[in-house]
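**Student:** Letter by letter, the chains look like this.
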Amino acid sequence: MSAGERAGFEARVSALPLVDHHVHGAFAGELDRAGVELALNEASPDPVPEWMTQFDSQVGFAVRRWCAPVLDLPPHASADAYCARRAELGHVEVTARLLRAAGVSDWVVDTGFGAESLLDVPAMAEVTGGRAHEIVRLESVAERLAASGVSSVDYADTFLAELAAATRDAVGVKTVLAYRCGFDLDWRRPDPAEVRAAAGRWVDSGQRRLTDPVLLRFGIDAAVELGLPIQFHTGFGDRDLDLHRSNPILLLDFLRDPRLAEIPVLLLHCYPYHREAGYLAQAFHNVYLDVGLAVNFLGARSSALVAESLELAPFAKLLYSSDAWGLPELHHLGAVLWRRGVISTVGRWIEDGDWSAADAERVITMIAQDNPKRVYRLR
Amino acid sequence: MSAGERAGFEARVSALPLVDHHVHGAFAGELDRAGVELALNEASPDPVPEWMTQFDSQVGFAVRRWCAPVLDLPPHASADAYCARRAELGHVEVTARLLRAAGVSDWVVDTGFGAESLLDVPAMAEVTGGRAHEIVRLESVAERLAASGVSSVDYADTFLAELAAATRDAVGVKTVLAYRCGFDLDWRRPDPAEVRAAAGRWVDSGQRRLTDPVLLRFGIDAAVELGLPIQFHTGFGDRDLDLHRSNPILLLDFLRDPRLAEIPVLLLHCYPYHREAGYLAQAFHNVYLDVGLAVNFLGARSSALVAESLELAPFAKLLYSSDAWGLPELHHLGAVLWRRGVISTVGRWIEDGDWSAADAERVITMIAQDNPKRVYRLR
Amino acid sequence: MSAGERAGFEARVSALPLVDHHVHGAFAGELDRAGVELALNEASPDPVPEWMTQFDSQVGFAVRRWCAPVLDLPPHASADAYCARRAELGHVEVTARLLRAAGVSDWVVDTGFGAESLLDVPAMAEVTGGRAHEIVRLESVAERLAASGVSSVDYADTFLAELAAATRDAVGVKTVLAYRCGFDLDWRRPDPAEVRAAAGRWVDSGQRRLTDPVLLRFGIDAAVELGLPIQFHTGFGDRDLDLHRSNPILLLDFLRDPRLAEIPVLLLHCYPYHREAGYLAQAFHNVYLDVGLAVNFLGARSSALVAESLELAPFAKLLYSSDAWGLPELHHLGAVLWRRGVISTVGRWIEDGDWSAADAERVITMIAQDNPKRVYRLR
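Chains as they are written, first to last, in full-length UniProt numbering: chain A, 1 to 379; chain B, 1 to 379; chain C, 1 to 379.
Take these hints with a grain of salt, some might be off.
What the hints assert, rightly or not - Some but not every residue of chain C turned toward chain A, in silico, with C-beta under 8 Å: (1) R275; (2) F284; (3) H285; (4) L310; (5) E311; (6) F315.
What the hints contain is simulated information worked out from the structure, not anything from laboratory work. Cβ atoms here follow ideal geometry from the backbone N, Cα and C, with glycine treated the same way.
One chain only, chain A, in its complex shape:
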């Protein structure tokens, strides 16, 4: 590859519109320094202690490196300078700049967590001049149902009807089973009597958070029945979940169900179990994966992670996502870091003669656009 060819390759990948197939809304309001620090830690809900700053982390360094210039600061501007500039510009301007700079054409938005403080689906489209699509969280539908005081006898049918209604304009569903009981459960499909009994126990309990394995499993079955793509949170997330019990390989018994053959199952994040996820994407023609979230939080190490994601999974089974939540820096960083990761990884393969340049750009475009458009039937 000549220097000119290399520059052309980098320029084209940098300008390629992305489908961010798993993302949340950006914050709808102003954020102070403590709020930014908290948003730079995915795994802990506790305030960052005084003797450290979360800016001293891979994601913090990546914000200072890649987001500072979008706010007219030099790369590696100090955290203080960065937060001051953020406040000066105001959240509307900061959000608009960072989201547009991501070069995302389509946001596939999970609306199931903290929606009250975030831009909603139409707002995400409006702010960015792109398109936005909704993903419905299965557990949210169930919890609304329980709050409505549904009877145990009606639970199953009502859930199905509610899910069908809620997903009329959605492109898929998501389950946070990982946060509610882990994947090491009995994957046998519950029969109606078990669902009824579990629904009765839950509604009577007064608890509003769904953690019952039978009902969680039933919700996933309902999505299968409706033929919707199903996203699974797997791996990296906050410490509420047992990381090792959200290893996607524990979905094997579920994935072996032949009824699933035509239902796309999308394994989100996966880190540090992305090699197991890649294996599943080869083993089951309906299984897909991304390494979103981790790409952001690994910063300068994200290129290594992107490389590791390009192992066993056929290229038709990989997608891009940021899994940004709230902080618009994360919507931007995901795109920047993923582009850098594929440029450095695949660029090296082109230079070493392992891949042709034409194949390389074709595969990158599959991951960036073609695969998610096919899976979610985006127009």
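Using the hints provided, position chains B and C relative to the given structure of chain A.
**Tutor:** Frame of chain A, contents of chains B and C only:
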């Protein structure tokens, strides 16, 4: 290292005859496009769906890069052109060219799966002008015994006698315990009454596939008794197995048995648990490993895997294998990719001053030839 | 970065005084070739067999590369030449040279294993002209207590008093729970009656090695009560432990205890579960990690490991250690290889523009000195 020294290093490693210590026969008949596609997916038994091609994967790209020139096509020839050329040359010519191009002096052939469609041991030697040696699959011996209607009382003694007979000209045995029950079993040695009872249940069941943990365990014990090297399938394979239950670290309780001290135990594939396997190879002087199969399926990423295999395991404990089955492209690719992997990994260490050039070539030769010749007592 | 800036960066990192926050004493006596070979294998207690040498391993090559020059030999001197020179200089001189060459200002010494054959804490300071601090092993305190014939009724109070006395001049404690029962235990705090019953059973048993989960758990609780930093052996170690049951992610239930919030918990080694450990260091503000021990045993691959350790953990949560035990080569190598690892990893990030040079040196200094000084309150 000067450019000339570097070129000499690369040339010598590229020409080094290899012992492929775990491999199967190449297909004995013609293969159509669908057959090639299926053979390029290790993990799924299902036909590749219409909306994708398995050529769009690391192994598919590696075939187009490294096998196309062996069939007189340019590197990165299209999948269509490649399959057309394959058909034009015919399987006899394609197989002969690819197998010879691998530069393998000794094939250590596992004859236990799908033998009817594959070249047998003498044919592998004949086609390549090399030597071929047999590995006997323990479960095949047991299943022939069950099919013969052996009585439960005679099972143990007959199995031992049959295994001794079957391995008279073999260099070792292999177990596919990973496919039959996983490694999280009770590793205590079964007593004769338990073996008798299990044999009775199995033979009476009419089932021909051996999945009983007591009899699987007993088969391994019989191999220990005969003093034969034992290969274990671990890690990456098809979705019949539970990947996480074939993690070689789950063999710890078995390996701690002091009776095993002089019996070579060879951990095959190991991916993505090759670091655990490297640990076992340091912890037990009789344990060896390879990263075969995964080297092929990782294509351009295989150099990273080869590097990861060079961590905790002493260098006397590493072996080369392709684990090619059927498709002769895989017999060739394993060798090409492993050579590239050691050249890039170890070459870098030489250039950085971490290893001396003399040590580097010595270690590569140990893995390629010396270790397997010692373990299997190849002449 | 200009060549001059790069050279300055490398020189400053190479000269940076380190706190080795987890280390053991160097051997106090002479060592023959067999002894050196044994010390170059961490995982196996068996003598190295005749048909191999443990020098043919990453750590063996690293000794010949990096320790030979300290003993006036050329890099990559043969193992024979190296051992001969070692014997010629004598252990006092060899130890003094290697320990001083490590550039360590502070040794944080675990005195709990094999102390009779090792330099003690004051001797480590004296030989190196540095400072040395003590870490007390919880299980050693318990075992001295059991040997003293304590009554079960007095066990809990006496243990607390003994631990307080033993740690008066110590900077923290360590637990080898990983070696005694693994982390998959019931993390509920035992009540006094359970402790009493377990103490009675243990003392009566005549067994002196503590393996009872209730008493192991109680020992950790006692350290929490005293507010001491607690080191956990996790991951890589000798084959006595079940590697997978010492995965630090299995500490989740323990770490979720809010009483721990202000108690530093230091995850040692972690390999090959260092990514899980990095996650815990982000998820809990009191959790820290190192990749000591593995850095030594991975030799030329240790730079890749150092890079992998720089992922999810905030930079305030990483520490340097060698985990050297006995062989003074290991005290030296840990420092050499860790410095090389950060120079190559972080140096690349500076060159690629991912990190600023100023940030890079600041983070390296945090890991080398600032973090351990803060955690252990070193003066």
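**Student:** Evaluate each hint against the coordinates.
**Tutor:** Comparing the hints with the structure gives:
1. Among the interface hints, the one on R275(C) holds; its C-beta lies about 4 Å from the nearest C-beta in chain A, closer than the 8 Å criterion.
2. Interface restraint check: F284(C) against chain A, minimum CB-CB distance 7 Å, threshold 8 Å, status holds.
3. At about 5 Å, the closest approach between the beta carbon of H285(C) and any beta carbon in chain A falls short of 8 Å, and the interface hint on this residue holds.
4. For L310(C), the interface hint holds, since its Cβ comes within 8 Å of a Cβ in chain A; the closest pair sits about 6 Å apart.
5. Hint status for E311(C): holds, given a least beta-carbon distance of 5 Å to chain A, under 8 Å.
6. Nearest Cβ of chain A to the Cβ of F315(C): about 4 Å, under the 8 Å cut. The hint holds.
Violated hints: none; the structure is consistent with every hint.
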